[in-house]
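If you read the protein sequences in the order shown, they are chains A and B.
Okay, so the first sequence: first residue is 6 according to the numbering used here, each after it adds one.
Okay, so the second sequence: first residue is 614 according to the numbering used here, each after it adds one.
No wet-lab data here; the hints were simulated from the structure.
A virtual CB, placed ideally from N, CA and C, is assigned to each residue, including glycine.
Treat each hint with caution, since some may be false.
[To be verified] Pairs of lysine to aspartate or glutamate, EDC-like flavour, derived with a Cα cap of 16 Å: (1) K907/B to E936/B; (2) K907/B to E888/B; (3) K215/A to D987/B; (4) K994/B to D32/A; (5) K907/B to E1086/B; (6) K1063/B to E1086/B.
[Said to hold, decoys possible] Among the chain A residues that face chain B by a calculated CB cut under 7 Å, a handful are: (7) H114; (8) A174; (9) P178; (10) M212; (11) S214; (12) K215; (13) E217; (14) G227.
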Amino acid sequence: MADTNTASAPPPESARSRSSGSKPRFDLLSFISTYGVFITLVACLIIFTVLDSRFIEIDNVRTQLGLAAPLLMLSLGLTVVLAMGDFDLSIAGTLSACAAAIVVLIVNHDWPWGLAVLVGVAFGITIGAINGLLVSYVEMPSFITTLATFLILLGVEYMISDGRNITGAADMPDLYRDLGVGKPEPLTEFTSPVWIAAGLAIILWLMMSKTELGRYMYAIGGNPEAARLSGINVKALRALGFVVVGFVAVIAAVSQTARTASSIPRVGISLLLSAYAAAFLGAAASRQGLFNVPGTVLGVIFLQAVQSGLTILGYDRDILDISRGSILVLAMLLTALGAKRR
Amino acid sequence: MTASAPEMSAPLLEVSGVTKRYPGVLAVDNVTLSLGAGEIVGLVGKNGAGKSTLIKIIAGAERADEGHLSLNGEPLDLHRPHDATVAGLAFVHQDLQDVGDLSVAENVRMGLGYPRKLGLFVDWAELRRRAAEPIARLEVDIDPRQPVGELSVAQQRLVMIARGLGQQAQLLVLDEPSASLTDEEIEHLFAVVRRLRDDGITVVYVSHRLEEIFELTERVIVMRNGELVADEPTSSLDRGSLISHITGHEHAQTSAERRASRGVGGRPDTEAVLEVDGVSADTGVHDCSFDVRKGEILGVGGLMGSGRTELVRAVFGADHRREGQVRIHGVEISDNHPSESMSAGMALLPEDRKTQGNIMDFSVRNNITLASLDRHRVRPKTPMPSPRSEKQAADGRIDRLSIATPSDRQLVRLLSGGNQQKVVIAKWLEQGADVLIFDEPTIGVDVDGKEEIYDIMEELAAEGKAVVFISSEFSELVGVCHRVLVLHEGRIVGELEGDAVSEPAIIEICYSQH
Chain A
6 MADTNTASAP PPESARSRSS GSKPRFDLLS FISTYGVFIT LVACLIIFTV LDSRFIEIDN
66 VRTQLGLAAP LLMLSLGLTV VLAMGDFDLS IAGTLSACAA AIVVLIVNHD WPWGLAVLVG
126 VAFGITIGAI NGLLVSYVEM PSFITTLATF LILLGVEYMI SDGRNITGAA DMPDLYRDLG
186 VGKPEPLTEF TSPVWIAAGL AIILWLMMSK TELGRYMYAI GGNPEAARLS GINVKALRAL
246 GFVVVGFVAV IAAVSQTART ASSIPRVGIS LLLSAYAAAF LGAAASRQGL FNVPGTVLGV
306 IFLQAVQSGL TILGYDRDIL DISRGSILVL AMLLTALGAK RR
Chain B
614 MTASAPEMSA PLLEVSGVTK RYPGVLAVDN VTLSLGAGEI VGLVGKNGAG KSTLIKIIAG
674 AERADEGHLS LNGEPLDLHR PHDATVAGLA FVHQDLQDVG DLSVAENVRM GLGYPRKLGL
734 FVDWAELRRR AAEPIARLEV DIDPRQPVGE LSVAQQRLVM IARGLGQQAQ LLVLDEPSAS
794 LTDEEIEHLF AVVRRLRDDG ITVVYVSHRL EEIFELTERV IVMRNGELVA DEPTSSLDRG
854 SLISHITGHE HAQTSAERRA SRGVGGRPDT EAVLEVDGVS ADTGVHDCSF DVRKGEILGV
914 GGLMGSGRTE LVRAVFGADH RREGQVRIHG VEISDNHPSE SMSAGMALLP EDRKTQGNIM
974 DFSVRNNITL ASLDRHRVRP KTPMPSPRSE KQAADGRIDR LSIATPSDRQ LVRLLSGGNQ
1034 QKVVIAKWLE QGADVLIFDE PTIGVDVDGK EEIYDIMEEL AAEGKAVVFI SSEFSELVGV
1094 CHRVLVLHEG RIVGELEGDA VSEPAIIEIC YSQH
């Protein structure tokens, strides 16, 4: 055996045998680690269904997807920035401030809703551009930079709303309300936010995994200097990521305010942590641990399913939070178990 | 204790019949060796020869499947790295394992326990005093209070050695300790190693740089395919016989022989592709002018720290140029962004392929096509990469450059150093560059891998590309280059062409500058 080793040719031939290697035997631990998030999700779905069949009824699925739509939008935008190795905390601020601004403009100032939304979009893109400029061109760390803009935006929101709920179902045009609740279209009866979120998911999925732009964004997330030396405009793309998030946050704000016909102070904050949880769950679900759009969608569905299941079973907020946290840990634990062994 | 012949000193560490298997690989195959007190032993072998696994076993980071270790005649049973530390075995790894934000003193005493006041609070003065002792033994001027992250790489390595001394090490294993050190720093490192030897400490020195093995060590252990294939006094070996042991091939060429046998002569009589005119940069490049012709391999030599990398980064536009012009095919290139040099046909293969060359978590395929994605579209006007076209291109390059990878979808992170380097080369070939600048392409690449990289450069030149080749190993410049520029403190101080290219000539120019 030793003799054959010594006599063998240098690496090019010996190491290149393409399809060599025995058939890999099934490895339970690596299976669990690769599909840890799926396994936990499926387990949750089964348990909830067994405990109360209302959970899986189509009405509940419709409602839950509608409720999850703003979170999904926000999480999708976040995925783009995370894939490039940056953080954006300001999304919660952008969402809250835009929600307040749009509702105040429509309800208190009788603006046409289209114009109000347009102002919101312009605002969101501006915030994104400022974040991008500071992080990418001035080279400030994204975490602290977006934390700062987040705080500023919370202040702006307070100025606009005076810290109060602004409601005005009566003052809101039906067309605007349709964006949030919508007339369920006849075939699936899913409401419009579900379709808007799904459309956004498809667009961003195409962008991230099928276009040159997406490839470059992942390259930046993997190694910004190597990406730069490969001719990729790293600064511009990182800044673009923040603009995309700003834009998406406004869409989420529209969806949220149209559904509730109101702006609730600090509405973004409750979504912020869930959005991060969803994106990280999605990354854990991917083989290479990369942030990715389908993974994020899965993460959001996961979080919403747990929330819905526990609510149907009649648990209170405290149990709900504890369970959500525990299930998150469990999903990540399964993934980490095998990753550590590799 | 005066230096004595290895067989006379009592064995410090004995390795008997150690074998380690990984799935599908026999990493260490029945290795038996013995290390005497106070000797400097070189450990060499190609990447994958089993050196690192053997070291990990001695360090207690891996368990041997068979065989055993003994220290000073006593059986040595290592369950975890801490056991090796307690036994007096110290390891300085190539990747620095210090904590940059902590002070020198904290790093030196790490894992040894910090002295305390009132049983609770760290006694900082005492900590610094205890850390200062091993540092003083290394004869360096390092302030124990300074954060390690502010030190040079050489100083950080010395801090790691000091940590070993602080734990009363009897054996010190240095893994590629000269990587990214300047020549002066290497000299100092050697002096330190010799002093430790004189104090009775055994030093195992792992390196791919054979010059260092010959200069420093008294005995060389060679591993190949997991086996120990040679264990001889350094004085009984020459470069050729050592390379033969490492590769298993009968005859190894010297650089001059290689040059002669390949018929490497003067530069070809063709038009200049790259023209560099009076380039200066704030990174320490002063008024450099040269050109490279179609089909030429231009070597850039000089001691570490002579500004070679800085020069080519300024030429490429990776760093800002203060003065001077760069022209490719007669057209001036600005230094705004590397993409401008790239689209003009210049490629830089950076020194550090891990941090600058590859996206380590991308597949081989995606790395190869990264700089030329717009030529692999599903339709010419649609900016979406076509997996089929990408795969075709990647497979072609993998084949031509003999990249050892199970498939084009393998992550680059999982390839060996030499193959990672080939992926970077493939990326730029795919991009279609006419001028390829190789910055230390053979660092951390084993002997066979180096030869393959030389072949690739020669093929590129034969195809009419202009090649710039930077290296710290002058022998490889001599073996490959038509012409060699010698740098010193950011200036071009010498130029050799054709038959005038030889190692002594390059060294002569380097050292006549002081």
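Right, here's what the structure says about each hint:
1. Between K907/B and E936/B the alpha-carbon distance is near 25 Å, which puts this suggested pair outside the 16 Å criterion.
2. A hinted pair counts as satisfied when its Cα atoms are at most 16 Å apart, and K907/B with E888/B qualifies at roughly 11 Å.
3. Of the supplied pair hints, the one linking K215/A and D987/B holds, its CA atoms being roughly 13 Å apart against a limit of 16 Å.
4. At most 16 Å may separate the alpha-carbon atoms for a hinted pair to count; K994/B and D32/A exceed this at roughly 45 Å.
5. With a C-alpha separation of about 24 Å, the suggested pairing of K907/B with E1086/B is violated against the 16 Å cut-off.
6. The suggested pairing of K1063/B with E1086/B holds, with an alpha-carbon distance near 11 Å, which does not exceed 16 Å.
7. A least Cβ separation of about 42 Å between H114/A and chain B goes past the 7 Å threshold, and the interface hint is therefore violated.
8. Annotation: interface hint on A174/A violated; nearest CB of chain B at approximately 44 Å, more than 7 Å.
9. Here the hint on P178/A is broken, as its CB sits about 38 Å from the closest CB of chain B, past 7 Å.
10. Taken as an interface hint, M212/A does not check out: its beta carbon lies about 10 Å from the nearest beta carbon of chain B, beyond 7 Å.
11. About 10 Å separates the beta-carbon of S214/A from the nearest beta-carbon of chain B, more than 7 Å, and the hint is not met.
12. For K215/A, the shortest C-beta to C-beta distance to chain B is roughly 5 Å, which falls under 7 Å, so the interface hint holds.
13. A hinted interface residue such as E217/A counts as satisfied when its beta carbon comes closer than 7 Å to some beta carbon of chain B; here the least separation is about 5 Å, so the hint holds.
14. Checking G227/A against chain B: minimum C-beta separation of about 4 Å stays under 7 Å; hint holds.
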